[in-house]
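Undergrad: Top to bottom, those sequences are chains R and G.
Quick note on numbering: the first sequence equals residues 2 to 525 in my numbering.
Quick note on numbering: the second sequence equals residues 2 to 525 in my numbering.
You may find that some hints are simply not true.
Identical copies look the same in the list; a pair holds intra-copy or inter-copy alike.
[Unchecked claim] List of simulated lysine-lysine pairs, BS3-like, C-alpha gap at most 25 Å:
1) 181 / 253
2) 212 / 187
3) 521 / 73
4) 218 / 181
5) 134 / 371
6) 253 / 212
7) 73 / 324
8) 521 / 187
9) 521 / 155
10) 134 / 41
Hint data in this document are derived by calculation from the structure and do not stem from the laboratory.
Protein chains: 2
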Amino acid sequence: MLTRRVLLSGIGAAGGSMAMFQAMASLGLNGESNYAGPPKLDGNVRGTSVVILGAGLAGLVGALELRKAGYKVDVLEYNSRPGGRCWTIRGGDTYTELGGETQHCSFAPGQYFDPGPWRIPYHHRAILDYCSKLGIALEPFNQVNYNAYLHSQKAFDGQPQRYRTINADYQGHIAELLAKATSQQKLSDEVSREDVEILLESLRTWGALDKDYRYQKNVLSGARRGWAVEPGGGLASTSLPGDPVGLSDVLKSRLWETLWLASFYEFQTPIFQPVGGMDMVAKGFARQVGNLVRYNAQVTQIDQNDQGVTISYKDKVQGGADKQIKADYCLCTLPLSTLSQIPVTAGGPLQAAISAVSYAAAIKIGLQFKRRFWETEEAIYGGITHTDLPISQIAYPSYGMGRPGPGVLLGGYTYGLDAYDLSSRSAPERVAEAVRQGARIHPQYPQEFDSGMTVPWHRMPTTLGCFAMWTDELRAQHYDNLCNLDGRLVLAGEHASHLPGWQEGAILSSLDAISRLHKKVVTA
Amino acid sequence: MLTRRVLLSGIGAAGGSMAMFQAMASLGLNGESNYAGPPKLDGNVRGTSVVILGAGLAGLVGALELRKAGYKVDVLEYNSRPGGRCWTIRGGDTYTELGGETQHCSFAPGQYFDPGPWRIPYHHRAILDYCSKLGIALEPFNQVNYNAYLHSQKAFDGQPQRYRTINADYQGHIAELLAKATSQQKLSDEVSREDVEILLESLRTWGALDKDYRYQKNVLSGARRGWAVEPGGGLASTSLPGDPVGLSDVLKSRLWETLWLASFYEFQTPIFQPVGGMDMVAKGFARQVGNLVRYNAQVTQIDQNDQGVTISYKDKVQGGADKQIKADYCLCTLPLSTLSQIPVTAGGPLQAAISAVSYAAAIKIGLQFKRRFWETEEAIYGGITHTDLPISQIAYPSYGMGRPGPGVLLGGYTYGLDAYDLSSRSAPERVAEAVRQGARIHPQYPQEFDSGMTVPWHRMPTTLGCFAMWTDELRAQHYDNLCNLDGRLVLAGEHASHLPGWQEGAILSSLDAISRLHKKVVTA
Chain R
2 MLTRRVLLSG IGAAGGSMAM FQAMASLGLN GESNYAGPPK LDGNVRGTSV VILGAGLAGL
62 VGALELRKAG YKVDVLEYNS RPGGRCWTIR GGDTYTELGG ETQHCSFAPG QYFDPGPWRI
122 PYHHRAILDY CSKLGIALEP FNQVNYNAYL HSQKAFDGQP QRYRTINADY QGHIAELLAK
182 ATSQQKLSDE VSREDVEILL ESLRTWGALD KDYRYQKNVL SGARRGWAVE PGGGLASTSL
242 PGDPVGLSDV LKSRLWETLW LASFYEFQTP IFQPVGGMDM VAKGFARQVG NLVRYNAQVT
302 QIDQNDQGVT ISYKDKVQGG ADKQIKADYC LCTLPLSTLS QIPVTAGGPL QAAISAVSYA
362 AAIKIGLQFK RRFWETEEAI YGGITHTDLP ISQIAYPSYG MGRPGPGVLL GGYTYGLDAY
422 DLSSRSAPER VAEAVRQGAR IHPQYPQEFD SGMTVPWHRM PTTLGCFAMW TDELRAQHYD
482 NLCNLDGRLV LAGEHASHLP GWQEGAILSS LDAISRLHKK VVTA
Chain G
2 MLTRRVLLSG IGAAGGSMAM FQAMASLGLN GESNYAGPPK LDGNVRGTSV VILGAGLAGL
62 VGALELRKAG YKVDVLEYNS RPGGRCWTIR GGDTYTELGG ETQHCSFAPG QYFDPGPWRI
122 PYHHRAILDY CSKLGIALEP FNQVNYNAYL HSQKAFDGQP QRYRTINADY QGHIAELLAK
182 ATSQQKLSDE VSREDVEILL ESLRTWGALD KDYRYQKNVL SGARRGWAVE PGGGLASTSL
242 PGDPVGLSDV LKSRLWETLW LASFYEFQTP IFQPVGGMDM VAKGFARQVG NLVRYNAQVT
302 QIDQNDQGVT ISYKDKVQGG ADKQIKADYC LCTLPLSTLS QIPVTAGGPL QAAISAVSYA
362 AAIKIGLQFK RRFWETEEAI YGGITHTDLP ISQIAYPSYG MGRPGPGVLL GGYTYGLDAY
422 DLSSRSAPER VAEAVRQGAR IHPQYPQEFD SGMTVPWHRM PTTLGCFAMW TDELRAQHYD
482 NLCNLDGRLV LAGEHASHLP GWQEGAILSS LDAISRLHKK VVTA
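Chain R on its own, in the form it takes in the complex (with noise of 0.2 Å):
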């Protein structure tokens, strides 16, 4: 789904940086998990049986705990896989988006696309417990990469720069300009006399200034930014460093804008994906619970009174009339986004907290080439490039790095009014749009591109949107309401957690349904 970068990135776009830190603050981006285990649902459950809608994360983490702790589990998945929006797309893969266009995928063997969630942040401490439990292997994912570009059209004539120049520069020129200023006793009030020699120190270590504390070319900013000319072996040359760019252009150029996600708690190193595509832990909690899914199953209705809850789905297999499931609880997973589609039997404010929340529009395109040109050409190895142009982001891939043959990347990201054009337009036209786009940072684009892939999460029947898009105001008037058993109904989700957008929030959210849901049970 979404990445909050995005997003935020976004609002920043909108409303200036202040608007960015209030999105944060009001969307409740933030956070480490707060997870000690699976929660010990102890207690006679005596044969009660659960139906749980979505074989998402939360879906299929609700059925394995509910099942250990003895109950009868069905599962009702749309998709004809499991994992939702946890999903992988690879060679000979296929999908119909809403309007009926179908994309088939004929990426090379062993490459993949993740559309939906791509990394799992070091603190997301319950999907790396059942990632550990259930047999996932994790590898590194490369978040921050000194040597990928940061890209403006208005700025350096539309060249991009190399992350590690910008970023040395701007932490250059700002401890440059501190240094100054404590130097001068310009800020005596804010700092003790006895201070200011280690805060000088601290600003000269940190910010490669020399012995004036200035931020100049020499092998101090040498060693941050790069070489003009490399060091070699034997008599070839030594080093030689570059210009740094002046403060002034450094600033006007606002490539500082992304600087700060390398120190954003959900994007710190290190974080993680799993070995061979994020549908991994989908299909490790498929190889416990699979047996218990129905997958084609369109929920029609949730209905419920005081002897249980009936599902109606339709079989979009088989066809024919809707089906019913009959169980005493029902943990529903579905995003609201559809949900809100579904007749549903519950209270006045569940049925408002699903109402409420709306699901913001977000592309993700992937895309083939025949070499992996950024690594043998411009030693790229993972890492984000940003850029202004509608793609906002190229995201390279941090798996097979050096290896021969073809490679996937992401070659756009981006959600709100450039999602909405973007997907506007047919997939192969999505496609070409972003290898124009793209091209403008990698001249080699044009000749090297293999094939694409593009996901609009706004356009994908069973999300019909990325993420729940809460804001203060949403969450103080709905949460709680969305949150609560309903008679036999609990929800749970991305949408039902402090985490949205996140697998954990998923995993966590539904943790706490099914803690609850058994609470009744066992005590009733």
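Please build the complex by placing chain G on the supplied structure of chain R, with the hints as guidance.
TA: Showing chain G alone in chain R's frame:
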């Protein structure tokens, strides 16, 4: 071998941070390789033979390229394995240091420890190219871990602090200070009125400042430094920020001293390690040219005249009188520390160069623990904890993350006086000391410790130190003489490069040396 980081931090500890930077400049430790593919050694070499001394990376790449060019190649190697300092220790391995103490490794299957080089920067193009050509899989090495610790015995009552909190607080405080100086127009000579606006905006974004340009306890700082109360799912808690550390405490703690390493060119993300251990690189070369290597051959004399070279060596397995091997030329990759102890027929300038450069003392300690408690209990996956204890750092493995069972971490990596002090003890005592010190950061150490291995490079018979310690003065006087062909002899290795201590330096040095040797041969 010893990393520059450790070296530099040691120099810094002795002489303050300017000493650190001056050393960095002097040692020429900064660089991207100027590699543009293997050299084209065209022309008829008419059966010319080359004997190569040392099967480290310089020797191996020399053997590979010279044989490809048609030379008759023989390699003599002291050890019973290829790679030299490119070495990985696993369960079952044994080695003996000077003085005769032998260590036997009892690590579990799949666990390893790289006592020499352990990472490959993205800009080391030559070694990356050979890894690609030789089919050596790479994976990311976690250099910076925001959840690892910064530790000082003198700060925070000796309690380790998470990197993310110190990094966020340092960044936040200096952004606030500079915003204050700027908005009070105390830097009007330095920053134009137009740029002031952008600078302030950038500081707010970058430093997590609030609308009044303050760095405070709120969701902005929480989203960098992490949370006091973590966000949950369903009706569990939302997140609450913790208290930032005050400016004065951050400064006095001196924990800012290692923050700059994240943006150091040679430690920037991405940085790599071979899957399975660094010696996969050596083994990759050996698959190609291992048949040319005579192992267990200790070179005792290097002789040359107008007709050719004669190398005397001891067969360490068969024993007996020294053997001789003759060739037209010699590529000598022995470290200067050992080469300077062998009779060499060479001109005065080369003799002087060989004797001029000293090697640093360094020790690395690998510790196996029964469980990966740093992952399961502390959410530390790879990366490095820095401490002012003699062990200097604890580096967590970047492989096998999330797996149950034992793990091997780097429990100490230090040089200079601390290295001499540690290595003056028996191997078991060194390990015990590393466990004692590490327990001040990880209380689980004594309980979970299983076994350890130590490699003091200054006590390893092949190297007598970790890498060549060039200074500007020594380079000016001796470097060209060291690299120039002397009759039929040419030297190569990290010591004959502008990238000392890096495998890239060894490879580039060798490629440059054989290019010049080849030119002499084909134009002779």
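Undergrad: Take the hints in turn and mark each one as holding or not.
TA: Hint-by-hint comparison with the structure:
1. In the homo-oligomer, the alpha carbons of residue 181 and residue 253 lie at most 25 Å apart both inside one protomer (21 Å) and across protomers (20 Å), since each shortest distance falls under that limit.
2. In this homomeric assembly, residue 212 and residue 187 come within 25 Å of each other (Cα to Cα) both inside a single copy, at 20 Å, and across copies, at 22 Å.
3. When the C-alpha separation of residue 521 and residue 73 is checked against a cutoff of 25 Å, the pair qualifies only within one copy, where the shortest distance is 16 Å, while the shortest distance between copies is 82 Å.
4. Taking CA atoms no more than 25 Å apart as the test, residue 218 paired with residue 181 passes inside one copy only; the shortest distance there is 18 Å, against 28 Å between copies.
5. Proximity of residue 134 and residue 371 under a CA criterion of 25 Å is satisfied inter-copy only: 18 Å between copies versus 37 Å inside one chain copy.
6. When the C-alpha separation of residue 253 and residue 212 is checked against a cutoff of 25 Å, the pair qualifies only between copies, where the shortest distance is 21 Å, while the shortest distance within a copy is 28 Å.
7. When the C-alpha separation of residue 73 and residue 324 is checked against a cutoff of 25 Å, the pair qualifies only within one copy, where the shortest distance is 19 Å, while the shortest distance between copies is 79 Å.
8. In this homomeric assembly, residue 521 and residue 187 never come within 25 Å of each other (Cα to Cα): the closest approach is 64 Å inside a single copy and 64 Å across copies.
9. Taking the shortest Cα distances, residue 521 and residue 155 never come within 25 Å of each other, neither inside one copy (60 Å) nor across copies (52 Å).
10. With identical chains, the CA atoms of residue 134 and residue 41 are at most 25 Å apart within one copy only, with a shortest distance of 16 Å there and 52 Å across copies.
Hints 8 and 9 from the earlier list are contradicted by this structure; the remaining hints agree with it.
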